[in-house]
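Chemist: In order, the protein sequence lines correspond to chains A and B.
Each residue of the first sequence is one higher than the one before, counting from 1 in the numbering used here.
Each residue of the second sequence is one higher than the one before, counting from 1 in the numbering used here.
Since the hints were derived computationally from the structure, they do not count as laboratory data.
By construction, the Cβ of each residue, glycine as well, lies at the ideal position given by its N, Cα and C atoms.
Among these hints, one or two may not hold up.
To be verified - Derived DEER-like restraints, expressed as beta-carbon distance ranges:
id : chain 1 : residue 1 : chain 2 : residue 2 : range
1  : A       : Glu561    : B       : Pro51     : 54 to 62 angstroms
2  : B       : His6      : A       : Leu354    : 26 to 34 angstroms
3  : A       : Leu395    : B       : Cys66     : 35 to 43 angstroms
4  : B       : His6      : A       : Val362    : 44 to 52 angstroms
5  : A       : Asp520    : B       : Lys64     : 54 to 62 angstroms
6  : B       : Thr68     : A       : Asp397    : 34 to 42 angstroms
7  : A       : Asp397    : B       : His6      : 24 to 32 angstroms
8  : A       : Arg523    : B       : His6      : 38 to 46 angstroms
9  : B       : Cys66     : A       : Arg523    : 54 to 62 angstroms
10 : B       : Pro51     : A       : Val562    : 38 to 46 angstroms
11 : B       : Arg19     : A       : Gly469    : 54 to 62 angstroms
12 : B       : His6      : A       : Gly563    : 39 to 47 angstroms
Stated by the list, open to error - A partial selection of chain A residues facing chain B, derived with a Cβ cut-off under 7 angstroms:
id : residue
13 : Pro233
14 : Asn363
15 : Asn364
16 : Ala367
17 : Ile368
18 : Asn370
19 : Lys372
20 : Gly374
As the list claims (entries may be wrong) - Computed from the model, here is a short list of chain A residues facing chain B with C-beta under 8 angstroms:
id : residue
21 : Asp378
22 : Tyr382
23 : Val403
24 : Ile409
25 : Gly432
26 : Asp526
In case you want the letters, here they are:
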Amino acid sequence: MDMSIIGKIKPDFWNWQDMLSNSSRPVFKFRRMWKFTVLLMAVVSITPLIFMAVIDYHFTNKAVKSDILLRTSRLVSNTRRTISFFLAERKSALDFIVMDNEFDTLNNPEQLEIILKNLKDTFGGFVDIGVINSLGRHGNYVGPYQLMGKDYSNEKWFKLVMERGVYVSDVFLGFRNVPHIVVAIKHETSDNSFYVLRATLDTDRFYSHLSKIQISGGGDFFIINRKGVLQTPSRRYGKVLEKISLPIPEYAPKTMVFEEKDEFGRSLIIGYSYIENSPFILMVIKQKHEVMKPWYRNRIDLIGLLIFSIFMILIVILGVATFFVEKIHLADQKQTAIFHKVEYSNKMASLGRLAAGVAHEVNNPLAIINEKAGLIKDLFVYKQMYSEDKKLIGLVDSILSSVKRAGTITKRLLNFARHSDLSVETKTINIGETIQEVLGFMGKEAEYRSITVLVNVSDDIPSFENDKGRIQEIFLNLINNSFAAMDDGGHLNITAKCNYDKSSVSITVRDDGGGIPEDDMKRIFDPFFSTKTKKGGTGLGLSITYGLIQKIGGKIDVESEVGKGTSFTVTLPLKNL
Amino acid sequence: MVDDEHELVSALAERLSFRGIDADWVSTCNDAIKRLDYKLFDVAILDVKMPKMSGIDLKRALQKKCPTMKFIFMTGHGSQEDFKDCCEEAGAGYYLIKPVDIEALINKIKKVLKI
Chain A
1 MDMSIIGKIK PDFWNWQDML SNSSRPVFKF RRMWKFTVLL MAVVSITPLI
51 FMAVIDYHFT NKAVKSDILL RTSRLVSNTR RTISFFLAER KSALDFIVMD
101 NEFDTLNNPE QLEIILKNLK DTFGGFVDIG VINSLGRHGN YVGPYQLMGK
151 DYSNEKWFKL VMERGVYVSD VFLGFRNVPH IVVAIKHETS DNSFYVLRAT
201 LDTDRFYSHL SKIQISGGGD FFIINRKGVL QTPSRRYGKV LEKISLPIPE
251 YAPKTMVFEE KDEFGRSLII GYSYIENSPF ILMVIKQKHE VMKPWYRNRI
301 DLIGLLIFSI FMILIVILGV ATFFVEKIHL ADQKQTAIFH KVEYSNKMAS
351 LGRLAAGVAH EVNNPLAIIN EKAGLIKDLF VYKQMYSEDK KLIGLVDSIL
401 SSVKRAGTIT KRLLNFARHS DLSVETKTIN IGETIQEVLG FMGKEAEYRS
451 ITVLVNVSDD IPSFENDKGR IQEIFLNLIN NSFAAMDDGG HLNITAKCNY
501 DKSSVSITVR DDGGGIPEDD MKRIFDPFFS TKTKKGGTGL GLSITYGLIQ
551 KIGGKIDVES EVGKGTSFTV TLPLKNL
Chain B
1 MVDDEHELVS ALAERLSFRG IDADWVSTCN DAIKRLDYKL FDVAILDVKM
51 PKMSGIDLKR ALQKKCPTMK FIFMTGHGSQ EDFKDCCEEA GAGYYLIKPV
101 DIEALINKIK KVLKI
């Protein structure tokens, strides 16, 4: 099955190349030409296509990635602002309290309690509030813990508050094991002293801000402190107060976004921002492959289209190249055939001229010999000098008969010469009548040798225009040949019929003579090829016939079997020449 | 009889005379024309291809001199058909192809003189 498909689409010139690779003639290299054409066209059309596709892919990939990074960065920035604002709001609340109330008011437990209650009702999330003096000792306190009298002078956070004036703590598990943060501010008094107002916040509001943010691409939004401990829950990287498994990003004043590989080798997009005035780092982590999904889908489409295009281009190139090379191959074959014909024609023409020249030259001395010999004979007859000498008369007779033979040959040569250059003269021909006329010439010989002649001309052959003289000569030659090939008592069959679309008529001359051996079949139309040289044959009969047929626009085919007979089929066109 | 091959034409003339036909022969056209000054002939047998003058032109020249003379052409070159045409054009219906058969020649002479 496979073989026959390839056999069908394999072009003719492919095998032709092999056939002629043995000959010494230079052969137009079709296979090479085809390969070269296909290769060149493929390279020229596919290379830019691939090049463009690669560039397009590259740039689109880059654009998509940069878009993702930009969006992540914006998201982180916006969230950071929100959280900063949240913390700033809380700090401002404390600032207001401190500004709005005297130190004594704050130290009053009942007043402080009212303040706490107000804070809870308005801002929400405040768990406790307390005052710490400049020595670090916790004074007034309202809240669930036991912090009164506690000494913070050596605590790091107290030192930080003294330095910076504001402090935000890490998340810690506080009252009821719920995460809390502490916010403290320092207030400077008029007598160059200070006190610290400290409040604890639960992180519910804190979390709710974060969770309100819509995240695409399965991202993980969380806050860590500078030591990498999670301050808010993370989807993938641990629970609150656990250390995350990723490296802690370095300090940067703005939002940073970058690509990283996790411990499984998957690509991550990581965005982070340090939240100022707090120990917090905001982080968002997205899985690259999820974010890039739409791009990946497009990419597959793009590649698919590319492959399909290449495939189509190749098919077209192959088809076109095969088509044209095949055409060239055909044209080349035709050209070769025409060259052969022209060569043959030229040969025939010069042969003709040669023959004519020879014949003319030979005829003159022949004529002289003829007359002189005749004269000698006359001398015998009319002068009666040597009439008794039978031997001399015999010799003269043989001279005369040889001259006659030579004369026949020169006549034939001249006939041949004549036919190699004259043009056609047309008459209307009825093929049946013409055949009968020709047979008329042979009538006596057929009778004498008991040869049976059968003629079968079909009724539907129309009259047509052609050269009557030449047609007669063609059939005369063929019939002569048949007679010569047959023994006495043989049979000659002549049939004539139209072809299926009435464009030509075929006349077959069949004999039951000796037949033509296969080796000779190729050469029977060659001039000077003869099997009758002993009987005076010149070998010009069939080549003349062939030339005549060519001249009147027909063709001739031969079939033969040694011992059975030969048939020649002449096909003549019925339309005008 | 006029033919540039004198061997040929002499033999022919002799053979004709054996058969009772009085034949003169020359081998150039000028001689032929001059010969008519001496003698008149019933038939002229001319070769078609001769140097200096073609047989047809010679025939016209001779016919001027002797209008009642009949003509037969001889030719050494083949193309029977166009030779026939050319002879018909020239006004002679009689031609022979070399090598000439003596009997055929005599028949043609008889025919042309309507004997």
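Chemist: Compare the structure with each hint and give your call.
Modeler: Quick rundown of the hints versus the structure:
1. A/Glu561 x B/Pro51: 54 to 62 angstroms: holds (56 angstroms)
2. B/His6 x A/Leu354: 26 to 34 angstroms: holds (28 angstroms)
3. A/Leu395 x B/Cys66: 35 to 43 angstroms: holds (42 angstroms)
4. B/His6 x A/Val362: 44 to 52 angstroms: violated (19 angstroms)
5. A/Asp520 x B/Lys64: 54 to 62 angstroms: holds (59 angstroms)
6. B/Thr68 x A/Asp397: 34 to 42 angstroms: holds (39 angstroms)
7. A/Asp397 x B/His6: 24 to 32 angstroms: holds (26 angstroms)
8. A/Arg523 x B/His6: 38 to 46 angstroms: Holds, at about 45 angstroms.
9. B/Cys66 x A/Arg523: 54 to 62 angstroms: holds (57 angstroms)
10. B/Pro51 x A/Val562: 38 to 46 angstroms: Cβ of proline 51 of chain B to Cβ of valine 562 of chain A: about 54 angstroms, so the range 38 to 46 angstroms is violated.
11. B/Arg19 x A/Gly469: 54 to 62 angstroms: violated (36 angstroms)
12. B/His6 x A/Gly563: 39 to 47 angstroms: About 56 angstroms separates the Cβ atoms of histidine 6 of chain B and glycine 563 of chain A, which means 39 to 47 angstroms is violated.
13. Pro233: For proline 233 of chain A, the interface hint is violated, since the closest Cβ of chain B sits about 122 angstroms away, which is over 7 angstroms.
14. Asn363: Since chain B brings a Cβ to about 4 angstroms from asparagine 363 of chain A, closer than 7 angstroms, the hint holds.
15. Asn364: This interface hint holds because 6 angstroms falls under the 7 angstroms limit.
16. Ala367: Status holds, d = 4 angstroms.
17. Ile368: holds (5 angstroms)
18. Asn370: Constraint on asparagine 370 of chain A satisfied, holds at 4 angstroms.
19. Lys372: Holds, because the Cβ-Cβ distance from lysine 372 of chain A to chain B comes to roughly 5 angstroms (cut-off 7 angstroms).
20. Gly374: holds (6 angstroms)
21. Asp378: With a closest approach of 5 angstroms, the aspartate 378 of chain A hint holds.
22. Tyr382: Tyrosine 382 of chain A check passes; min Cβ-Cβ to chain B is 4 angstroms, inside 8 angstroms.
23. Val403: holds (6 angstroms)
24. Ile409: For isoleucine 409 of chain A, the interface hint is violated, since the closest Cβ of chain B sits about 12 angstroms away, which is over 8 angstroms.
25. Gly432: violated (25 angstroms)
26. Asp526: violated (22 angstroms)
The structure shown violates the earlier hints numbered 4, 10, 11, 12, 13, 24, 25 and 26.
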